[in-house]
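**Student:** Dock chain V against the given chain E, drawing on the hints supplied.
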Amino acid sequence: MANRYLEIFCREAEEHLASLQSGLLVLERNPARTDLLHELLRNAHTLKGSARMVGLADISAITHTMEEQLKGMERGERKVDAQAIDLLLRGADAVALITSALVRGEAPELDVERFVAEYERGELGQHLHAEPKEHQPEAASDTVRADVKTLDHLVNLVGELIINKKRLEAKLAQLKEIACALPAEHSAPLTTFRGELEEDVLYLDYLIQELHGKAMGLRMLPLRTISDGLERLVRDLAQQLGREVQFQIIGQAIEIDRVLLEGLKPILIHLLTNALSHGIEAPEARAAAGKPRRGTVLLSARHEGNSVLVEVRDDGRGMDPASIRAAAVARGVLDPREADGISDEEALYLTFRPGFSTAEIVTDISGRGVGMDVVKKNIERVKGSVTLASEPGSFTQVTLQLPLTLSVLDALIVACGGETFAIPTTYLQEIVKVRASEIDTLGSGEVIKVRGATTPLYSLPGMLGLPERRDAGDAPLSAVVLKHCDQRIACTVEAHLGYSEVVVKGLGKQFRNVRFLFGATILGDGNPALILNVPDLFESGRGVQRATLSADEAQAAKRRPKVLVVDDSITTRTMEQSILVSQGYAVVTAVSGEDALEKSAEEQFDLVISDVEMPGINGFELTRALRASERYRETPVIIVSSLSRDEDKRQALQAGAQAYIVKGAFDQGLLLETVQMLIG
Amino acid sequence: MGDDNSYDIRTILTQMREDYWLALAEEESEARETLECLVFTLGGKRYAFETHYACEVIRVPKLVRVPAVQSLIRGIFNLRGEITAAIDIRPMLGLPQPEIGPTGRILVVRGDNFATGILAEAAHGVQGLCFDSFEPVATGSGIKAPFVRGHFAVEEGSVILLDMEALLADPELVAGEL
Numbered sequence: 001m002a003n004r005y006l007e008i009f010c011r012e013a014e015e016h017l018a019s020l021q022s023g024l025l026v027l028e029r030n031p032a033r034t035d036l037l038h039e040l041l042r043n044a045h046t047l048k049g050s051a052r053m054v055g056l057a058d059i060s061a062i063t064h065t066m067e068e069q070l071k072g073m074e075r076g077e078r079k080v081d082a083q084a085i086d087l088l089l090r091g092a093d094a095v096a097l098i099t100s101a102l103v104r105g106e107a108p109e110l111d112v113e114r115f116v117a118e119y120e121r122g123e124l125g126q127h128l129h130a131e132p133k134e135h136q137p138e139a140a141s142d143t144v145r146a147d148v149k150t151l152d153h154l155v156n157l158v159g160e161l162i163i164n165k166k167r168l169e170a171k172l173a174q175l176k177e178i179a180c181a182l183p184a185e186h187s188a189p190l191t192t193f194r195g196e197l198e199e200d201v202l203y204l205d206y207l208i209q210e211l212h213g214k215a216m217g218l219r220m221l222p223l224r225t226i227s228d229g230l231e232r233l234v235r236d237l238a239q240q241l242g243r244e245v246q247f248q249i250i251g252q253a254i255e256i257d258r259v260l261l262e263g264l265k266p267i268l269i270h271l272l273t274n275a276l277s278h279g280i281e282a283p284e285a286r287a288a289a290g291k292p293r294r295g296t297v298l299l300s301a302r303h304e305g306n307s308v309l310v311e312v313r314d315d316g317r318g319m320d321p322a323s324i325r326a327a328a329v330a331r332g333v334l335d336p337r338e339a340d341g342i343s344d345e346e347a348l349y350l351t352f353r354p355g356f357s358t359a360e361i362v363t364d365i366s367g368r369g370v371g372m373d374v375v376k377k378n379i380e381r382v383k384g385s386v387t388l389a390s391e392p393g394s395f396t397q398v399t400l401q402l403p404l405t406l407s408v409l410d411a412l413i414v415a416c417g418g419e420t421f422a423i424p425t426t427y428l429q430e431i432v433k434v435r436a437s438e439i440d441t442l443g444s445g446e447v448i449k450v451r452g453a454t455t456p457l458y459s460l461p462g463m464l465g466l467p468e469r470r471d472a473g474d475a476p477l478s479a480v481v482l483k484h485c486d487q488r489i490a491c492t493v494e495a496h497l498g499y500s501e502v503v504v505k506g507l508g509k510q511f512r513n514v515r516f517l518f519g520a521t522i523l524g525d526g527n528p529a530l531i532l533n534v535p536d537l538f539e540s541g542r543g544v545q546r547a548t549l550s551a552d553e554a555q556a557a558k559r560r561p562k563v564l565v566v567d568d569s570i571t572t573r574t575m576e577q578s579i580l581v582s583q584g585y586a587v588v589t590a591v592s593g594e595d596a597l598e599k600s601a602e603e604q605f606d607l608v609i610s611d612v613e614m615p616g617i618n619g620f621e622l623t624r625a626l627r628a629s630e631r632y633r634e635t636p637v638i639i640v641s642s643l644s645r646d647e648d649k650r651q652a653l654q655a656g657a658q659a660y661i662v663k664g665a666f667d668q669g670l671l672l673e674t675v676q677m678l679i680g
Numbered sequence: 681m682g683d684d685n686s687y688d689i690r691t692i693l694t695q696m697r698e699d700y701w702l703a704l705a706e707e708e709s710e711a712r713e714t715l716e717c718l719v720f721t722l723g724g725k726r727y728a729f730e731t732h733y734a735c736e737v738i739r740v741p742k743l744v745r746v747p748a749v750q751s752l753i754r755g756i757f758n759l760r761g762e763i764t765a766a767i768d769i770r771p772m773l774g775l776p777q778p779e780i781g782p783t784g785r786i787l788v789v790r791g792d793n794f795a796t797g798i799l800a801e802a803a804h805g806v807q808g809l810c811f812d813s814f815e816p817v818a819t820g821s822g823i824k825a826p827f828v829r830g831h832f833a834v835e836e837g838s839v840i841l842l843d844m845e846a847l848l849a850d851p852e853l854v855a856g857e858l
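First to last, the sequence lines map onto chains E and V.
Going by my numbering, the letters in the first sequence line up with residues 1 to 680, in that order.
Going by my numbering, the letters in the second sequence line up with residues 681 to 858, in that order.
Derived by calculation from the structure, the hints in this document are not laboratory data.
Careful: at least some of the hints might be erroneous.
What the hints assert, rightly or not - Within a straight-line C-alpha distance of at most 25 Å, the following computed DSS-like cross-link-like pairs (lysine-lysine) qualify:
(1) E:Lys509 / V:Lys742
(2) V:Lys742 / E:Lys165
(3) E:Lys509 / E:Lys562
(4) E:Lys265 / E:Lys377
(5) E:Lys171 / V:Lys725
(6) E:Lys165 / E:Lys176
This structure is a prediction, so every number in the text was calculated from the model and none was measured.
This is chain E alone, in the form it adopts within the complex (with noise of 0.2 Å):
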């Protein structure tokens, strides 16, 4: 298009011509509505005002018959019945034509002197069959009704095909393996005949792409399915609070999965009902804080990357860091000295924590808040997650990230406990590898540095009670630092496996509270692997955290009697942390017997729990250490290692230990029914 004001009168045509086109429609159902017409006539004449202007004779003749007979059917002196209408229809069916033309760089397809010559004299043009109304009915034919657990089954079966060509894979490389073992006479054609079976395999799998995608596709609904009837609840809310709000929403068409899309509604309603309570203030406050007295809340849709981001916006009244801190600590979801301790932005956090909005009064005190936790909660289940902006008295911000689908992800593998099990990559933000002397202790747990940033730090199979591989000496541990809202934590696995794309398969009703999983994926050779559920991650660290932050259990720790324990082995470390703490005992962990000298001359601990084999000084020389000073001479220790021969136990004791526990046979009411016995 040459003239760059036909661009713009071409987009503006596009309004004009959907609201001629809807309106006409309504009042042909009830001719009786005439109120209906100033609008229309305004469409038509701001149509013929524009096409004048940019020099289009015929649209302005066409759009001058349209504005003429609306004029005629105002006063009166025309009927509006169905063949009046028609006729205004065909008009804006030709100005569409001639603009679509127009855009196109094309000639209409239309005769146009003929048309507009027979439009003013008020004839139907019968050649004007043209491309939209012949478009229509075809486009209806071309589309057919499916059930949604059809669809759902189709997903599925692409989904078996997926995990199928894995195993095809698996099989080649095996193939090559065979071919590599053979005698050259023989592996000649194989190798060959390998070759050939690879792409074939490449070519199937390029197919299963695409079917996928199709499929996917089938599944996806836009937003706006779901949108419409948030409209009348914030115009009724609205109504109902006293508040003047311009609500608008952008990217109504963007696609979501059905899935997701389901659990996104109760959550948006959630928000906007937030927004307009407690976010948007009333037009005389709004009025006197020199804001416009109608609010905005905005609702936007856009993809980025691989997912969705939804944002719920409003300039209202923001949230306030400090009395949200007032709040937390007077529910008791943190203590002040806590409080004092965390920055603005993660205090926002805090409304994410259950127990911050049991009680409506919250609401008066932070500003905001009911039932965040529930919105959190909702969140995670799609396997997404919400960040929070705000500046007091001018906006806040609530977005939410989520997945397209959750019926495949991308996820990386790793060796743990002995088993594998996926991460979705939406948690990952990197993998470290950690060295023993990287590892410093915070209160009962211990931290590493990620750029800077201290870092909780996990051993995960710890964490999830499975047993540890054998540590190999001295060797960095690799680690997984993951994400979720504002936090960070390390956790240490055996091995990295790479990344996948994993389909997600339910583990089915026998499992559905399980804690820690959010599905299983089937690998390329068959068997099953567990897909993680992050957030439980971080929920089961914050529980050992927790337990010496808050200001109760602070004061009671006093009391407790306190256990260093000393293991190179994370996984050991934390699986008896978490055993004893959860017996409340106060913890403090060692990396190594130096490490562990430091800290007992630092405090005084109750009980030491001691591996054998460590970098550095073993436990036996610990232990001998420790018996040689003032302060530890009656200090209980205990020993656990995996030397089971009678050597070690007689040296473990003539060094000074009170017990000795094998950990092949270690189990935790052993532990404690020894640690219980020595100290109570």
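**Tutor:** Okay, now just chain V, sitting in the frame of chain E:
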């Protein structure tokens, strides 16, 4: 009939047909008195349940351990694309737990809510167990035998009939509900 010397094909066919129907009738009357059961070994004893609970019997595949669940859920496995649990019900029956060796099998059963795999030390196939030999658990006998409806006294010894309906409905089978 009558004349033995004549070779009357009709008579022979009639005779055969009668024999056939008679045999069928006998089988039917026998069937009314037996219960089709899948027989297997648990804790060294022979147990059984009605075949309509059974989906299939498979060798024990690789089991993937599930974290943070009760010990009777020994793991999950891939049953043609369906993730299925393997459960060891022997503790529920108060039985010892000898190791599941090479003869071990998984009996896949379907309850109202889910399909699950029961680990057994061995499976002995489907047998028709005679009702005449059945002794129900005497109510009030003082012997508490959970999930047992009674036992069949058969030649090879006793076969205990499980109450699968109660067993599959037991909340202990559901992960995380404890």
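**Student:** Taking the hints in turn, state whether each one holds.
**Tutor:** Now for the hints, and whether the structure bears them out:
1. E:Lys509 / V:Lys742: Roughly 21 Å between the alpha carbons, so the hint for Lys509 (chain E) and Lys742 (chain V) holds.
2. V:Lys742 / E:Lys165: Holds: Lys742 (chain V) and Lys165 (chain E) sit about 21 Å apart, inside 25 Å.
3. E:Lys509 / E:Lys562: 42 Å, violated
4. E:Lys265 / E:Lys377: 14 Å, holds
5. E:Lys171 / V:Lys725: 41 Å, violated
6. E:Lys165 / E:Lys176: Holds: Lys165 (chain E) and Lys176 (chain E) sit about 17 Å apart, inside 25 Å.
The structure does not agree with the numbered hints 3, 5 stated previously, though it agrees with the rest.
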